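Chemist: For the sequence shown, our numbering begins at -5 and goes up steadily by one.
Calculated from the structure, these hints are not laboratory results.
A quick note: this is a predicted structure, and the numbers were derived from the prediction, not measured.
Just so you know, not all the hints are guaranteed correct.
Claimed, not checked - Pair by pair, the computed Cβ-Cβ distance ranges are: (1) Ser74 with Ala52: 23 to 31 Å; (2) Lys16 with Thr257: 28 to 36 Å; (3) Thr259 with Arg148: 23 to 31 Å; (4) Lys119 with Gly55: 45 to 53 Å; (5) Glu88 with Gly255: 54 to 62 Å; (6) Ala85 with Ala261: 21 to 29 Å; (7) His114 with Gly78: 18 to 26 Å; (8) Thr15 with Glu231: 41 to 49 Å; (9) Leu79 with Ala228: 17 to 25 Å; (10) Arg72 with Thr15: 35 to 43 Å.
Each residue gets a CB set at the ideal place from its N, CA and C atoms; glycine is no exception.
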Amino acid sequence: MSVFSPTAQVIYAEMHEPTRTKQGYLLITMPNLKAKVLEVDGTAECLLTPWMRDKITATPGWPQPIIHPPSLRYEIRRASGNRGLGVFATADIEAGALILAERPLLVNTSWTAAGIREPHLPYEKQVANAMRFSEEQAESIFSRMSPENQKKYRSLSGSDGFSPLTGIVRANAWGIPVGTIDPEGVRFGVSSGTGYSTVGELSSRFNHSCQPDVKYSFNLPSFSMEFHAVRPIAKGEEMTVSYSGLGLGIELRKSRLKPYGFTCTCAACKGGPSADLQAPTLTRAQQCASQNEPGRQECRRRSRCVRTHRPPIGTSLRGAPTACGQDQSQGRKQG
């Protein structure tokens, strides 16, 4: 149920009117409604297809205010080694707890060269054109940001080999699951399935682990990025997420992490192929922990479920029981 009257839903915020790019995308501020309850969490500058805009605004309950944790139980500080900043628990955190919810700084289409492919040109030229197009696209979104949000965005690290604004997206992006193929996105050259990337100020500070203790999800009704604990986290412990996806073998994980410019040294990677057996049940633990997200029925056996699905490295999981009686499945995080 929306918190706004029909009249409020047609009043646009004073930041920017939606505009169209020459490719047909929409440059739009989201949420694009003027209401005090939304303004407290700010807005995101987005590049969307009209289809995606309509899908978001047709979401039941859109737009809702962001639901924040009752208390702040993390801090951002320097991590060990050369991993930059990280997110650390300042109190014991129970499995399933909401750790962070924030509105993204921007939402961009996931880059592919399909929409600007020029077969008559050498491959290197096609790549150069695609990267130039990608940076122009990022600049069009960035130019709509407030000076404060521009400063926040530029403070984030970027990927080597890419232009400045595009590099930040490549290094810090999370996916917005579309749930189906965006028909307009296919025509524009957007990857099917998870065709949109989102970058947040605080969410970009989570470091990677192949054995994460935090899961990411995107809440469409509130247009916010959410992070939940998938197991109990002790005070002082660093909170990590998976950049590569779960349920994958060590070599595939390494391949997916290459664009980030580091080699993972977590226990699963040090453990070799035997540690790969653990990944599918960790994904199941993430699903059970997520049952405590706002608006969903809580899994009453969540703590037991997380313990059941998180055996020591090297333990065989063939035939391992699932406390919730559900099938195991794989998760994916877009980077």
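Chemist: Work down the list of hints and note, for each, if the structure agrees.
Modeler: Comparing the hints with the structure gives:
no.: 1; hint: Ser74 with Ala52: 23 to 31 Å; in the structure: violated (45 Å)
no.: 2; hint: Lys16 with Thr257: 28 to 36 Å; in the structure: violated (41 Å)
no.: 3; hint: Thr259 with Arg148: 23 to 31 Å; in the structure: holds (29 Å)
no.: 4; hint: Lys119 with Gly55: 45 to 53 Å; in the structure: holds (47 Å)
no.: 5; hint: Glu88 with Gly255: 54 to 62 Å; in the structure: violated (34 Å)
no.: 6; hint: Ala85 with Ala261: 21 to 29 Å; in the structure: holds (24 Å)
no.: 7; hint: His114 with Gly78: 18 to 26 Å; in the structure: violated (42 Å)
no.: 8; hint: Thr15 with Glu231: 41 to 49 Å; in the structure: holds (44 Å)
no.: 9; hint: Leu79 with Ala228: 17 to 25 Å; in the structure: holds (20 Å)
no.: 10; hint: Arg72 with Thr15: 35 to 43 Å; in the structure: holds (39 Å)
Comparing the model with each earlier hint shows violations of hints 1, 2, 5 and 7; every other hint is respected.
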